[in-house]
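Asks: Fit chains B and C to the given chain A structure using the hints.
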Amino acid sequence: MSLDHLLSSAFLVTWLAAAVRLTGPVLLAALGETFTERAGVLNVGIEGTILLGALAAYLVSHATGAPALGLAAALAAGLLSNLLLAFLYVIVRASQVVAGIVFNGLAVGIASFTYRIAMGEVASPEPVAMFRPLDFGGLGRLPVVGPILFSHTVLLYLTLALVAVASYVLFRTEFGLRLRAVGENPKAAEAAGISVAHTRYVATLISGAGAGLAGGYLMLSEVGLFRDTIVAGQGFIALAIVILGRWTPWKAMIAAFAFAAAQALQLSLQLFGTGVPTQLLLALPYLLTILAISGLLGGRAVQPASLMIPYEKS
Amino acid sequence: MPRFIERRNPPADGPAIFLLSVGLSLVAALLLGGVLFAIVGADPLDAFATLFGEAFGTWRGFGFSLVKAAPLALIALGTVVAWRSGFGYLGFEGCFVVGAAAATAIGLAAGPEGAIGPLPFALFLPLALLVTFVAAGVWSGLVGALRAFYGGNEVLISLMSNYVGLLFVQYLISGPMRAPGGLPQSDRLAPETWLPFILPGTRAHAGILVALVAAVLVWGLLRRTPYGYEMIVTGLNPAAARYAGIPVKRRILTAAFLAGGFGGLAGLVELYGVQHRLVDGMSGGVGFIGIVVALLARLDPLWVVPTAILYGGMTVGADAMQRATGTPSSITFILQGLIVLFVLMSEVLRRYRLRLDLIAGKPDPEVQRP
Amino acid sequence: MTFHLEMREIVKRFPGVLANDRVSLTVGHGEIHALLGENGAGKSTLMQILYGLYQRDSGEIRIDGEAVPLVDTTEAIGRGIGMIHQEFMLVRTLSVTENIVLGLAGGRLGGRLDLDAASARVRALSERHGLAIDPSALIEHLPIGVQQRVEILKLLYRDAHLMILDEPTAVLTPQEKDGLFAVLRALAAEGRSIIIVTHKLHEIMDLASRVTVMRDGRVTACVETAATSERELARLMVGRDVELKAIKTPQLRGPAVLSVDGLTAHDAAGLLRLSNVSLEVHAGEILGIAGVDGNGQPELAQALLGLCETDQGTIRLHGTDISGLTTAERRALGPAYIPADRRHVGSVPELSVADNAALGDQWRLTRIGGLVRDDRAIHGHATELVRRFGVRAAGLDFPAGKLSGGNLQKLILAREIMREPRALVVEQPTRGLDVGAIETVWAELIAQRAAGKAILLISAELEEILNLADRIAVMFEGRIVGIVSAVDANPETIGLMMAGREPVEVG
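Residue numbers (numbering that gives the first Met the number 0), protein chains in the order written: chain A, 0 to 313; chain B, 0 to 369; chain C, 0 to 506.
Don't read these hints as lab results, they were simulated from the structure. Certain hints may be false.
What the hints assert, rightly or not - Below 30 Å or equal to it, Euclidean Cα-Cα: the simulated DSSO-like pairs (lysine-lysine) are:
| no. | chain 1 | residue 1 | chain 2 | residue 2 |
| --- | --- | --- | --- | --- |
| 1 | A | K186 | A | K250 |
| 2 | A | K312 | A | K186 |
| 3 | C | K401 | C | K199 |
| 4 | C | K247 | C | K199 |
| 5 | A | K312 | C | K401 |
| 6 | C | K199 | A | K312 |
| 7 | A | K186 | C | K199 |
| 8 | A | K186 | C | K401 |
| 9 | B | K248 | C | K247 |
Keep in mind the model is a prediction, meaning the values are calculated, not measured.
Here chain A stands alone, though its shape is the one from the complex:
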């Protein structure tokens, strides 16, 4: 494949449209994770939460034929499962990494068990009712910008709106201030009359909501079929996005797009069968993330100071 071809508008449009499409679910999960990490909790359990959200979305959408109900179920699954995670993080004060990893294993078991119970042994599972792409009264049919910007499902636009909401809540509200204070100096927050436990509970639930919805997004806008491997590390990608986005929603959006663009480019290149090692492309965002937290670039540590440290009220 020639360079001309690579730069042809058809290729670019396909690539960018796919990139925007892939940005959605991971960004949604990353937005929620930004909140927990700002409060000092590294929620590694979002990987499993996304899976449970996807499962709930599948089952409910399958049963009712209404994707909106499926999305609501995904949200509920995310909240419910993170109630358990929050208990582990806040009350048990388990190592956050450990609790998250164990939860992820458990989630795979629960998801495939529930799926088996609910669907029985079906040879060829049927896709569920999904959200349809919008086209904004014809805008979606415009050349170039149409497919890139105006032909996605409602979930993408909701997610983008949530970026603005998340940024507002984190930096312009009393709640956001509390969250950031708890993540930086829980003792000081407690002394100011803020309950660290309560704040972290709420933050973990927010991340559960984000991850659950991300699972629903994945199911109802992208996949349509359930397998217990559909998440395939997207939760971990969301963790990377939060870091690369330096714990702010707007930068997370850019980081999510970077990950998605690399992935989309890789898919397109595979399609065209070039000799470029596509793995390098896929690895780039991870390498970038590693570089961002390596300390090689100098500067002070930007992560919330109490991240991963369970808080014990004295």
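Replies: Showing chains B and C alone in chain A's frame:
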């Protein structure tokens, strides 16, 4: 906090408390597992009998349990070394595949048609172990260097490094190491390089022996040598370690190197014992399950191998159960998760006690006293 | 007349400890009241009950005559109580205003944060009380003294009428302390009541009108400062006549053992911590380093042991330059070090007493050419330390973290002294210890001096320095202001030097 929950200060401690909490966790997990069996219409007792009977009651099944246990135990040992030294490494998926790739390279080179082959097995195996250990050790050592010299956060970096490792090996088998044919995989290793079977009539290979030797070495290092003492002090209290003249950065680097090395050996035993060729997706989450095994073993190297056999055996039993009765094997994953979860939660029991007298509404004698 | 605050017969039990035993305390409107006691006397517990951090088991608290439950901090803040902890409760990455409004509104998910209005109020308050604080500055960019003023501003913003200050002068220079006292007097004149928690007697005499003294969880006295003396208060605090006077033998001064020349160091943030420090410690001498906390003393100790980077300067031990050596090499050659932080630097609390006794000697207590740890030798070593220094421990396998502060300090002191070092660097050796333990530590240091060791004693307690040292060097902002002989020294001259003023003339 409700008044009827009271904090224990200090938390209850001691071997009896530990055994009690683990015992209670096991019982609770098995009870819940039993409920799940009942939901799918299986007799819980029968199901447990199949689950554990296959894995530990039959010779063949036990062999499989050992096959599953070997890589788990090696990764768990890597976890023990790293975490005891305060290096919160999570990059074992990456180490596993990098180790497997190194083992493939040396295995192919030492085979009958290889560049340095054929080597006699007695010479080949130590060489392969060494090369693999060093390759994977350098891989994790890079993360160690970022932490030691630049203050990078090893938990997050190692989590990300997994994907770099997986993608790197994916690249190897779709490019430089790819065998002719449709699938992205390496050439098959010559049978001369395979690990020998150790139990007649089973698939159990010598990997479990590698894990046993490694466990003893790790125990000896951490418990018996001054070097290991320095690693443990570094893990518990880096400031005190520096104060005592311990070269903290070098101890962290050592821990990182050893952790990755053991993770790489896990890849080696899986490759020489089971797969015999480098394929995509070989690790399949074993890098995380190994960490869980280490935690269940309370980061004690001597408990690692038995715990790994138990854990591996449950996986084997689950497959057998599914084949025999159609009971979903996922129940076992849930069971495994629940056991660890309950062990984690039992911490709460160590720290709080219920005031039954207050729940019953009786006045608190302590408060009443003037 | 109603008191502003009345605490009556407060009882608080922790498992195994009666922290407050029927404690009563009254504070009048506009009064500055001191709460005096040794560490562990129960004064912190009492104040944390008042601030809603702990629940009392029994007893009554009245504010302006009204009985109040005080179930949590939110209630306490609502009732006009404010507390400044010894360790400032500020979030470093947030601005002054953000720190001040933190926790004030309801914290609902939508509640907007009006920082502009808050900033204006902060600025106005700051100007009215002469605190000179920029509301938009980030805390991490402010010096300690200013951070303390932010804490005061925080209380004013909440319109706290009853202010609790826990050991407020520990981190201040004498001038900053004077400034603080002026602010506090002004606040009291406005009718606000102030409780100062402290163990420093002279500050009480200076500032407070009444003082409540606590010992072992009980109140031993409540007196007017005008009607008492420091000596009397010390007796009430400790429970016996305290003659904390070290009995020093005549000095047998030998040659210089530890010589430091032109030592300069910056910290990670690039701030100058040590500025051209030069000194000599002789055999059989205790050289005291006086100074307010945070004027380069910890950095000096760390630099001597190779625990922090230095830019220039040399350190010699018996004439041998050790500046380029690692910590392990230095320790092998001679200087032993007793760090200020016993639990986070001097010991590994999770490990056993025996393993802690071996810390630093891990390569010596081995068999088979350093390959394997020698359990018998390790236990023997620990037994020896525990016996010779009277460490009270439940057993050698007992976690060191469970030892009392005094016993842990004895263990660390024993371990370092048993290494037979030629020089000892001792940092804040009695901080947080009770009087009995202080006496033991002092006696041991004097014994080491008599044995011909060169001792560098770093202490923020002037009392300690004046009692033990043969010569006194005063540090201020990383440099040595001057070195005076103990014979010529008195608290006034040293105090002036601690504020950075050069000594007029010294021997």
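Asks: Each hint: holds or not?
Replies: Consistency of the hints with the structure:
Using a Cα cut-off of 30 Å, the hinted pair A:K186 and A:K250 holds, with the two alpha carbons roughly 28 Å apart. Of the supplied pair hints, the one linking A:K312 and A:K186 holds, its CA atoms being roughly 8 Å apart against a limit of 30 Å. Distance check on the hinted pair: C:K401 and C:K199 sit about 28 Å apart at the alpha-carbon level, within 30 Å; holds. Restraint check: the Cα-Cα separation between C:K247 and C:K199 comes to about 24 Å, which is no more than 30 Å; the hinted pair holds.
Of the supplied pair hints, the one linking A:K312 and C:K401 holds, its CA atoms being roughly 20 Å apart against a limit of 30 Å. Proximity of C:K199 to A:K312 is assessed by CA-CA distance (about 29 Å); at most 30 Å being required, the pair is judged to hold. Distance restraint check for A:K186 and C:K199: the Cα-Cα separation of roughly 26 Å lies within the 30 Å cut-off, and the hinted pair is therefore satisfied. Straight-line distance between C-alpha atoms of A:K186 and C:K401 comes to about 24 Å, which keeps the hinted pair within the 30 Å bound.
Using a Cα cut-off of 30 Å, the hinted pair B:K248 and C:K247 is violated, with the two alpha carbons roughly 43 Å apart.
Comparing the model with each numbered hint stated earlier shows that hint 9 is the single one that does not hold.
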